[in-house]
Amino acid sequence: MDQVSDPYAKLPRVIGHIDHLGEVMQNELLKDSERVLINAGSTNGITVGQRVVVFGVGPEIVDPVTQESLGRFEVVRGIGKIASVMDRMAVVECTDIQQDRKVVKGSSLLSPRSMFSEPDVETITIRLPFQSVALGDLIRKV
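Take 1 as the starting number for the sequence shown in my numbering and just add one per residue.
One should not assume that every hint holds.
To be verified - 20 Å max Cα-Cα, derived EDC-like pairs, lysine to aspartate or glutamate:
hint, residue 1, residue 2
1, Lys-81, Glu-34
2, Lys-81, Asp-96
3, Lys-31, Asp-96
4, Lys-81, Glu-93
5, Lys-141, Asp-87
6, Lys-81, Asp-32
7, Lys-81, Asp-19
8, Lys-141, Glu-93
9, Lys-141, Asp-96
10, Lys-141, Asp-63
11, Lys-81, Glu-23
12, Lys-141, Glu-23
13, Lys-31, Asp-120
14, Lys-31, Glu-93
15, Lys-141, Glu-74
For the record, the hints were derived by calculation from the structure and aren't laboratory data.
Work out the full structure: start from the sequences and follow the hints.
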């Protein structure tokens with residue numbers, strides 16, 4: 001198949017120009033969507049606490065006027081940090097959070113005591129999962 005008719009012919013060159021540290025491997029091993037396993041570790045300079053972006057490579061964008069390829073864009077799956085590192089792999093933990101939520105503590109808002117006192121409010125932070133992460137998605141420094 002020649003390069004003109006092969007839709008994947010340009011892909012390695014395009015990805016080769018995207019600065020990245022590693023790729024997402026099997027995240028079924030981690031059993032959640034808040035962490036992903038990547039194929040880079042301490043031998044690649046990865047360190048615990050390093051902040052990274054997990055992203056996919058979007059479709060090719062073509063200028064509607066000139067028909068020139070403008071390249072591909074990053075589809076961000078989430079922001080994370082390196083949680084643990086091995087020689088050739090690492091775990092990235094999502095650090096995206098939902099805005100802090102205030103929740104009312106106590107057994108009942110309708111109790112007689114709640115009518116005469118301020119409710120006991122607790123602020124909680126909810127960590128968001130990576131969004132639609134896929135095998136082969138890329139990792140780069142923030």
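Do the hints match the structure? See the list:
1. Lys-81 x Glu-34: holds (11 Å)
2. Lys-81 x Asp-96: Satisfied, since the Cα-Cα distance of roughly 10 Å is no more than 20 Å.
3. Lys-31 x Asp-96: Status holds; Cα separation ~18 Å.
4. Lys-81 x Glu-93: With a Cα-Cα distance of about 6 Å, the restraint between Lys-81 and Glu-93 holds, given a limit of 20 Å.
5. Lys-141 x Asp-87: holds (18 Å)
6. Lys-81 x Asp-32: holds (16 Å)
7. Lys-81 x Asp-19: holds (17 Å)
8. Lys-141 x Glu-93: It holds: about 14 Å lies between the C-alpha atoms, which stays within 20 Å.
9. Lys-141 x Asp-96: holds (15 Å)
10. Lys-141 x Asp-63: violated (29 Å)
11. Lys-81 x Glu-23: Cα-Cα ~14 Å, so holds.
12. Lys-141 x Glu-23: holds (13 Å)
13. Lys-31 x Asp-120: violated (35 Å)
14. Lys-31 x Glu-93: The hint holds at about 13 Å.
15. Lys-141 x Glu-74: holds (13 Å)
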